[in-house]
Amino acid sequence: MSKLENLKAELKLLNAEYAKIKTLPPAERGPFGRELNAKKQRLLAAIARAEADAESAEVAPIDISAPAAPNQPFPTLPRGTKHPLMTELDHIIDIYSRMGFDVMESGQLDDEFHMFDSLNFPEGHPARDGYDTFRTAENFIPPAHTSTMQHRALKRYQHRLAEGGQIAVVIPGRVFRNEDADATHEHTFYQCEGVLVSRTATMSDMFGVLKHFFEAYYGESLKIKTQPGYFPFTEPSAELLIEKPASLAGKGDGWLEMLGCGMIHPNVLKTAGIDPTLYRGYAWGGGIDRLVMLKYQLDDIRYFESAKLDFLEAF
Amino acid sequence: MKISLQYIKQHVAGIPADLTDQQLIQLIGSRLVEVEGVEDLAPKYQKAYIVKVVSAEPIEGTHLHLCQIDAGPVTADFLEPADAASTAETTGTATPTIQVVCGAPNVHAGMLAVWLAPGAIVPATYHGERFRLSVRKLRGYESHGMLAALDELDLGTDHEGIIEIDPKSAHPGDSFADAFGLGDLILDVENKSLTHRPDCFGLIGFAREVAGILGLPFKEPEWPTLTPVQELPLQVQTDPDLCPRYSCAVFDLPDTRPARYLAPEAIFLAKAGMRTIDPVVDLTNILMLETGQPLHAFDYDKLVAVSGQTVPTLIVRSAQPDEPLQLLDGKTIQCTPDDILITANNVPVALAGAMGGKNTEIDPSTRRVVLESATFSLYHLRKTQMAHGIFSEAITRFTKGQPAALTLPVLAEAVQRLGVQPLAVVDDYPCPTTPEPIKLTVQDLNQLLGTAYSASEIAETLQNVGFDVRTAPLKPTSDQPAVPPHSAGKIPKNASLRVTAPVWRTDIHIPADVIEEVGRLRGYDNIPLTLPTRPFLEAEIDPMFHLKHQLRDLLSDRLGLHEALTYSFISRQLLEKTHLDPTDSYEITNSISPELQCFRQQITPSLLDKIREDLKSGHRAFGLYELNQVSQKSFGLTPERTPVLRTDLGLVLLGDFYALKARLLALFHDLKLPLEYAQLTPGSAAAEQYPYLEPAHSAVFTHGDQVYGAFGEIRHSVLTQFKLDQTVSACELNLDTLLTLPSLPHQSFQHSKFPAVERDLTLKVSADLPYGRALNLLDQTLAAAGLYYQISPLSIYQATPTDATKHLSFHLRFSHPDRTLDAAAISAIMESITVAVSSLGATVI
Numbered sequence: 001m002s003k004l005e006n007l008k009a010e011l012k013l014l015n016a017e018y019a020k021i022k023t024l025p026p027a028e029r030g031p032f033g034r035e036l037n038a039k040k041q042r043l044l045a046a047i048a049r050a051e052a053d054a055e056s057a058e059v060a061p062i063d064i065s066a067p068a069a070p071n072q073p074f075p076t077l078p079r080g081t082k083h084p085l086m087t088e089l090d091h092i093i094d095i096y097s098r099m100g101f102d103v104m105e106s107g108q109l110d111d112e113f114h115m116f117d118s119l120n121f122p123e124g125h126p127a128r129d130g131y132d133t134f135r136t137a138e139n140f141i142p143p144a145h146t147s148t149m150q151h152r153a154l155k156r157y158q159h160r161l162a163e164g165g166q167i168a169v170v171i172p173g174r175v176f177r178n179e180d181a182d183a184t185h186e187h188t189f190y191q192c193e194g195v196l197v198s199r200t201a202t203m204s205d206m207f208g209v210l211k212h213f214f215e216a217y218y219g220e221s222l223k224i225k226t227q228p229g230y231f232p233f234t235e236p237s238a239e240l241l242i243e244k245p246a247s248l249a250g251k252g253d254g255w256l257e258m259l260g261c262g263m264i265h266p267n268v269l270k271t272a273g274i275d276p277t278l279y280r281g282y283a284w285g286g287g288i289d290r291l292v293m294l295k296y297q298l299d300d301i302r303y304f305e306s307a308k309l310d311f312l313e314a315f
Numbered sequence: 001m002k003i004s005l006q007y008i009k010q011h012v013a014g015i016p017a018d019l020t021d022q023q024l025i026q027l028i029g030s031r032l033v034e035v036e037g038v039e040d041l042a043p044k045y046q047k048a049y050i051v052k053v054v055s056a057e058p059i060e061g062t063h064l065h066l067c068q069i070d071a072g073p074v075t076a077d078f079l080e081p082a083d084a085a086s087t088a089e090t091t092g093t094a095t096p097t098i099q100v101v102c103g104a105p106n107v108h109a110g111m112l113a114v115w116l117a118p119g120a121i122v123p124a125t126y127h128g129e130r131f132r133l134s135v136r137k138l139r140g141y142e143s144h145g146m147l148a149a150l151d152e153l154d155l156g157t158d159h160e161g162i163i164e165i166d167p168k169s170a171h172p173g174d175s176f177a178d179a180f181g182l183g184d185l186i187l188d189v190e191n192k193s194l195t196h197r198p199d200c201f202g203l204i205g206f207a208r209e210v211a212g213i214l215g216l217p218f219k220e221p222e223w224p225t226l227t228p229v230q231e232l233p234l235q236v237q238t239d240p241d242l243c244p245r246y247s248c249a250v251f252d253l254p255d256t257r258p259a260r261y262l263a264p265e266a267i268f269l270a271k272a273g274m275r276t277i278d279p280v281v282d283l284t285n286i287l288m289l290e291t292g293q294p295l296h297a298f299d300y301d302k303l304v305a306v307s308g309q310t311v312p313t314l315i316v317r318s319a320q321p322d323e324p325l326q327l328l329d330g331k332t333i334q335c336t337p338d339d340i341l342i343t344a345n346n347v348p349v350a351l352a353g354a355m356g357g358k359n360t361e362i363d364p365s366t367r368r369v370v371l372e373s374a375t376f377s378l379y380h381l382r383k384t385q386m387a388h389g390i391f392s393e394a395i396t397r398f399t400k401g402q403p404a405a406l407t408l409p410v411l412a413e414a415v416q417r418l419g420v421q422p423l424a425v426v427d428d429y430p431c432p433t434t435p436e437p438i439k440l441t442v443q444d445l446n447q448l449l450g451t452a453y454s455a456s457e458i459a460e461t462l463q464n465v466g467f468d469v470r471t472a473p474l475k476p477t478s479d480q481p482a483v484p485p486h487s488a489g490k491i492p493k494n495a496s497l498r499v500t501a502p503v504w505r506t507d508i509h510i511p512a513d514v515i516e517e518v519g520r521l522r523g524y525d526n527i528p529l530t531l532p533t534r535p536f537l538e539a540e541i542d543p544m545f546h547l548k549h550q551l552r553d554l555l556s557d558r559l560g561l562h563e564a565l566t567y568s569f570i571s572r573q574l575l576e577k578t579h580l581d582p583t584d585s586y587e588i589t590n591s592i593s594p595e596l597q598c599f600r601q602q603i604t605p606s607l608l609d610k611i612r613e614d615l616k617s618g619h620r621a622f623g624l625y626e627l628n629q630v631s632q633k634s635f636g637l638t639p640e641r642t643p644v645l646r647t648d649l650g651l652v653l654l655g656d657f658y659a660l661k662a663r664l665l666a667l668f669h670d671l672k673l674p675l676e677y678a679q680l681t682p683g684s685a686a687a688e689q690y691p692y693l694e695p696a697h698s699a700v701f702t703h704g705d706q707v708y709g710a711f712g713e714i715r716h717s718v719l720t721q722f723k724l725d726q727t728v729s730a731c732e733l734n735l736d737t738l739l740t741l742p743s744l745p746h747q748s749f750q751h752s753k754f755p756a757v758e759r760d761l762t763l764k765v766s767a768d769l770p771y772g773r774a775l776n777l778l779d780q781t782l783a784a785a786g787l788y789y790q791i792s793p794l795s796i797y798q799a800t801p802t803d804a805t806k807h808l809s810f811h812l813r814f815s816h817p818d819r820t821l822d823a824a825a826i827s828a829i830m831e832s833i834t835v836a837v838s839s840l841g842a843t844v845i
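Going down the list, the sequences are from chains A and B.
The opening position of the first sequence corresponds to residue 1 in the numbering used here, with each subsequent residue numbered one higher.
The opening position of the second sequence corresponds to residue 1 in the numbering used here, with each subsequent residue numbered one higher.
Just so you know, the hints here were simulated from the structure itself, not pulled from any lab data.
Quick caveat: nothing in here was measured; it's all calculated off a predicted structure.
Glycine included, each C-beta is placed from N, C-alpha and C at the ideal position.
The reader is advised that the hints may include incorrect statements.
DSS-like cross-link-like pairs, simulated, lysine-lysine; straight-line CA separation at most 25 Å [as the list claims (entries may be wrong)]: (1) Lys616/B to Lys308/A; (2) Lys40/A to Lys20/A; (3) Lys308/A to Lys723/B; (4) Lys439/B to Lys270/A; (5) Lys610/B to Lys308/A; (6) Lys82/A to Lys439/B; (7) Lys633/B to Lys82/A; (8) Lys211/A to Lys244/A; (9) Lys577/B to Lys82/A; (10) Lys661/B to Lys8/A; (11) Lys633/B to Lys577/B.
To be clear about the criterion: a stretch of chain B counts as covered by chain A if any three or more of its residues have a C-beta under 8 Å from a C-beta of chain A, and this derived list gives those stretches [to be verified]: (12) 39-48; (13) 148-161; (14) 192-205; (15) 410-423.
Chain A extracted, bound-state conformation (with noise of 0.2 Å):
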């Protein structure tokens, strides 16, 4: 006897069970009658699934690893594709944005004030050589570190801090350095600036919105770790390293050298009109195609601004 045959006999017998509702107690046959009722409704509906199945044995199957059936034309869908430093930024600044950071872009020509003065780096300093800046004939810089927007945000977030809160703003931007490229340097590249000032910014208090920033972005905890930096903007300042997070696939283990950081010099400050007695900040910036290289395992960097679609396509 076949399935559904075996099914409608037990429905059969049930149906005849309904009869005894009458022989039973008065209190009783209540209870009785929704017992019944309920496994009828499962039989039925057993009953129902039973009988499609039965007219799905007579439905020829498909190939369904093939993209279409024969002699139909296949289905197309666009497929385009996200630059992964894009993607990648966008990441970095949704985190930054649910954390309470404002976002400003940075501009690719710039001048000798934003880049090097309003960062207290004395005119004619050597530090100012380990920029590697290009110029143009009249003087403009293309910037080379995104640090070169600190003082327009400074200015452009003071009121905030006038109306009882923080300036706390991230910039990326598309920066540019005077190398030659090769699988490891690129003389165009894309990094990511921080800036928090408020009447109670510690170091103890950047570090650990760092760490929280790296967790985040990792989804895992993280060590950090520190190695002294110089920056004239930044007084003190430090460079932050995160342990190899286990979810970075590739090679050997150890520290990764992400951003410099440190508390924004007094000068800093002074020049973008914030007084240094009652405001103290911290600011950092970091590159973003490390970060891209090191999630895909790229060995060059200049796939990045190449423009060929065998490398755009694969993300």
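Since the structure of chain A is provided, determine the placement of chain B on it from the hints.
Frame of chain A; chain B shown alone:
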């Protein structure tokens, strides 16, 4: 910069015995400077032994000697028992010896030499193609390893002969590395992060920091003193703006015959990557490496002759434009007014801080020297460095700002170490400066760092590295005693500290500088982590950042295009190929290559330039886009006087105008942007702006009078320039102005409860009637009838390209808001369409 860990450990007293080298290096890396690499010298000098040359017999007809050497206790390791017996026989001595053939002219019986045993790698080849020694036959004689010269040991350039070892310093069988301190770790530290630390460019300063990191007081070296002497005439005249202090001493050269034995100085210099030259130069280099203070020696007699005076005066002054000076390396430079010159009565004798002049060079005939120990304006020397491309060890240190306080003590040390009697000592220091005390409260420090250090912890940390710390209200008259070291508990918790930096810390000016010292020396890694609190106000997103994010989603995810990035700098040629005016581009004066010379004016040219390569790698129908900044000189300057930058969308698509138009209209629809488009008129301002587009096949985006961008097919002549032979369309859109556009208002939802009518409609129209006119008319007609409606295009049919007419087919769907449309009403609507289109000369078929 290379730092000998051995030197550091020898100069820091009290390093805990259980601190490993690795731990120490890690601490240096986390609290002083990034350590980029560590070289362990020991493996390089493995199997290098001190040996005694027992006999050295010339091999006839050659320059070679057949030597028997005694390697003391290690001899046995290199001899088979049988060999030992036979050599004992041949040499007639009881001590077994090893046979080595040596080509050096100075090899002689009785000397101590350095033997590289079989199996040793010649140290000079250690970092290249390694040469491993063995036992081999030379002129028929078996030779075991070799006796080494200075250059083979990678300790100098000398190859005149093998080196000789002072019998007082070692014994046969001693390991060469152990005997000469080569069991050392050399740290390669990153100079950049010490740009502000002139003191750390000397080993003493570096050792002081290491002491500070370990919480140990550093014992400062005791410098000898030097008092002015005038037995020989010499005067100095400086300009304090160029040269804050100029100290010098004149003395007769000590006996500078080449030393017979290998000197520890050669090893010291080699560890720093320098080479031994002669005793005076070596000493100046060693003192520079130790103290960070460069020294320079002039030939005194030549100086007097050059000056043309009986009393020569060293005058330090700015160079005249193009003033010539022949340098020690033989090159003649043309000075700039930024260069500082040392002159003998105005005749240049040295380019200050950079290199001496040929005219006062020390040579074998020199009897008497002037030794200079000075400090110069780092700003001037930086320009000198750049202008003349001189990157010596000395100028590297001078450009960090060596302190004036150290010139005389280092000069005195040099005089003492040379063991000479100064005949003249001049110290010109017109404006002596002393470090100003800095007021700092314990609270200031802990608030900035987020720590809870006590006043005594702070004081001790600073005192360890030479700071003077006093507790005091900051009154100039108050003369409080210095905080005694290790005064834990004796200073009030919230004391005001008066901190004075040591003379060598020219970088300490403000409280934050002092706070950095404490935070760094005690370890930033020991600062507890906290998170700031913030008010719950929404964060602001840059509107451009947001727009780009939206565009990326639509262009990539919905329209199937690929986002690319290309360089902001392009070649002049690329501008010319796309008919853009290169003179309107900001040009980089120090560009890496002509390919990267001009700041781009638009994105499209960069993308056009990439199509061919992608086609060559097998990609067919594709579109690339980029969202990035562009600028043109003609955009002008911002109120802050920087170039106006514009963010553009650049897009290229393999396909015709219509393929691109469909995508762009979908894009604007989704962005709710009220953009219209119109034919690109040849010769119009817009056509000038997008000169690579074929106007006949292109359109501009407009809203009101404003043009927002253009799109269309690339001109055939431009495609040819890029070696492309298929139709390519492009779009360049100005996103900054796009952000100023109002969004289309949300349309109210319109839906009739009464059934909709569907009709197909074909119009026969003149071939040159624009499609848009017919569509507009249908639109107006249905709107005028008060209907809810949709018009969908079905087809455009023209039998042959020369036909005078074409058929435009539409699908219409319409309903009335208030009632069911009956047959009569529908006929009336269709009739009104027929009437309306007749005004275009069209007929309904």
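Hint check, failures only: 6, 7, 9, 10, 12, 13 and 15
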